[in-house]
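Make the full structure from the sequences, and use the hints.
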Amino acid sequence: MKIVIDPAKCQGHARCYALSPELFDVDDYGQASVRIEGEVPEALVEVARLAIANCPEFAIAEVD
Amino acid sequence: MAERGPVASWATDFDVMDPAYIEDPFSIWDDLRETCPIAHTERRRGAWLLTTYDDVTAVAHDTTTFSSTQIMVIRPDEAPQGAGPGFLPYGIPPISADPPLHTWTRRLLLPWFSHRRVASLEPMTRALCNRLIDGFIDQGRVDAAEGYAQQIPVRVIATTLGVPDSLADTFTGWVRDVLEFADDQLKRIEGRRGILGYLTEEIARRRQDPKDDLISSLLAEEHDGAPLDDRLILGICALVLVAGIDTTWSAIGSTLWHLATHPDDTARLVAEPTLLPSAIEEFLRAYSPVTMARVVTTDTTYAGCPMAAGDKVLMNFPAANRDPKVFDRANEVVLDRAHNRHVAFGSGIHRCAGSNLARMELTVAVEAWLARIPQFRLEHGADVTWAGGQVRGPRSLPVVF
Numbered sequence: 008m009k010i011v012i013d014p015a016k017c018q019g020h021a022r023c024y025a026l027s028p029e030l031f032d033v034d035d036y037g038q039a040s041v042r043i044e045g046e047v048p049e050a051l052v053e054v055a056r057l058a059i060a061n062c063p064e065f066a067i068a069e070v071d
Numbered sequence: 055m056a057e058r059g060p061v062a063s064w065a066t067d068f069d070v071m072d073p074a075y076i077e078d079p080f081s082i083w084d085d086l087r088e089t090c091p092i093a094h095t096e097r098r099r100g101a102w103l104l105t106t107y108d109d110v111t112a113v114a115h116d117t118t119t120f121s122s123t124q125i126m127v128i129r130p131d132e133a134p135q136g137a138g139p140g141f142l143p144y145g146i147p148p149i150s151a152d153p154p155l156h157t158w159t160r161r162l163l164l165p166w167f168s169h170r171r172v173a174s175l176e177p178m179t180r181a182l183c184n185r186l187i188d189g190f191i192d193q194g195r196v197d198a199a200e201g202y203a204q205q206i207p208v209r210v211i212a213t214t215l216g217v218p219d220s221l222a223d224t225f226t227g228w229v230r231d232v233l234e235f236a237d238d239q240l241k242r243i244e245g246r247r248g249i250l251g252y253l254t255e256e257i258a259r260r261r262q263d264p265k266d267d268l269i270s271s272l273l274a275e276e277h278d279g280a281p282l283d284d285r286l287i288l289g290i291c292a293l294v295l296v297a298g299i300d301t302t303w304s305a306i307g308s309t310l311w312h313l314a315t316h317p318d319d320t321a322r323l324v325a326e327p328t329l330l331p332s333a334i335e336e337f338l339r340a341y342s343p344v345t346m347a348r349v350v351t352t353d354t355t356y357a358g359c360p361m362a363a364g365d366k367v368l369m370n371f372p373a374a375n376r377d378p379k380v381f382d383r384a385n386e387v388v389l390d391r392a393h394n395r396h397v398a399f400g401s402g403i404h405r406c407a408g409s410n411l412a413r414m415e416l417t418v419a420v421e422a423w424l425a426r427i428p429q430f431r432l433e434h435g436a437d438v439t440w441a442g443g444q445v446r447g448p449r450s451l452p453v454v455f
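So the sequences go chain by chain: A and B.
Going by the numbering used here, the first residue of the first sequence is number 8, and it counts up by one from there.
Going by the numbering used here, the first residue of the second sequence is number 55, and it counts up by one from there.
It is worth saying that the hints were derived from the structure and are not from the lab.
Idealized CB from N, CA, C, for every residue including glycine.
It is possible that part of the hints are untrue.
What the hints assert, rightly or not - The following label-pair restraints were derived from C-beta to C-beta distances: (1) Arg-42/A / His-316/B: 36 to 44 angstroms; (2) Pro-48/A / Asp-116/B: 36 to 44 angstroms; (3) Ala-74/B / Ala-68/A: 52 to 60 angstroms; (4) Ile-191/B / Arg-42/A: 35 to 43 angstroms; (5) Phe-65/A / His-316/B: 29 to 37 angstroms; (6) Ala-74/B / Phe-65/A: 29 to 37 angstroms; (7) Ser-40/A / Asp-192/B: 43 to 51 angstroms; (8) Ala-357/B / Asp-71/A: 41 to 49 angstroms.
Structure (structure tokens):
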């Protein structure tokens, strides 16, 4: 599983960061980013799916 | 002034300051979503009320048609800026601005509410909560709204602004006058005069003697190579004070009301503290305090509704968060709700700039309370009162433990 954040959609709700600070970072202006490039480690796959399902801006997506 | 008189129909004559709406808006939203999801009123110079998740988020994202220059529906007779007694001139803060003004003014504010800075405020927030609890725990009862919830955000915001928290009650009074009693023109003007007058003096003091606080940092900022206009600094500081107090206090109060009236949820949260993060999001969803208005910029038809330039549109985030098309068991509090795409902090470019701070304060307030008061309930015969309009939360919440 790989995930991306659309920076144009992200508005800094920081729900992803609250769910997994290991997987996501948020800068001082609220812009979220994925810390881990490439495959999401197995241990974080579930929380990655939760982040996708909880983002109020639909900014996180799974990519092939 | 106030537009009283009974509401004839919630679909065609709604009034968010009506006592029935303040007492129980939930059933009104449920009925409207079924029968007339976009309600209208001629009151307050004409306004629309959105009750579904899709409509609320769509309007929030269309900042061209729906402008932020008027965000309150309950101030229909607002004097123009700088006009009349009690109206000191102030610059437009980002909450009331559209791009491009919104874009750069918001960036002045965001770092002050980043999760890193908010984390640095957590220890003082926890100490504050425990100090408040120390003050009443031996009495076995407290008004959890006035004696606890109301006392927390104002002091954290005072720290951010760099103003003394000994003035907490004064700040709270001014903010209530501006938001909660906004239908009373005299109170509204008094509250506003108090806030703007006080902050004007603080800004002058900070110019002489800068400190590590938001006011000083704004004085040091530049835009397009020039220092910020004093009026803009005043507008931003007033925004932080007004928006940072009433809203979070309402969320803390509503959460404590829920726990006082749902002992099973309280017991579960005490037994399973790892549920706290999802529970906090669920309380934010189910008891979202804030409804924001937009003003229509040009005659338009939205979802079949003929909206005229100048009409207000109320984005009812609390109602959106109870939309059964988006949330299963929407009217129930489900502490471990896994999928919770709530919009308690808004949607789109105006996402609450203080959301990290509010989330931290709510979390710490609940955590500190439950650690020391794991069982509590409403006092027998308790007279719980609510504030409503565009910020909903309990103002009197007597509990015993």
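Against the structure, the hints come out as follows:
Taken as a hint, the range 36 to 44 angstroms holds for the pair Arg-42/A and His-316/B, whose Cβ atoms sit roughly 37 angstroms apart. Taking 36 to 44 angstroms as the suggested C-beta distance range, the pair Pro-48/A and Asp-116/B conforms, at roughly 39 angstroms. Checked against the hint of 52 to 60 angstroms, the pair Ala-74/B and Ala-68/A fails, with Cβ atoms roughly 43 angstroms apart. Checking the proposed 35 to 43 angstroms range against Ile-191/B and Arg-42/A shows it holds: the Cβ atoms sit about 42 angstroms from each other.
Hint check: Phe-65/A to His-316/B, Cβ distance near 31 angstroms, so the stated range 29 to 37 angstroms holds. Against the hinted window of 29 to 37 angstroms, the Cβ-Cβ separation of Ala-74/B and Phe-65/A comes to about 35 angstroms, which satisfies the hint. In this structure the supplied range 43 to 51 angstroms holds for Ser-40/A paired with Asp-192/B, their Cβ-Cβ distance being about 48 angstroms. Hint check: Ala-357/B to Asp-71/A, Cβ distance near 35 angstroms, so the stated range 41 to 49 angstroms is violated.
Of the numbered hints stated above, those contradicted by the structure are hints 3 and 8, listed in ascending order.
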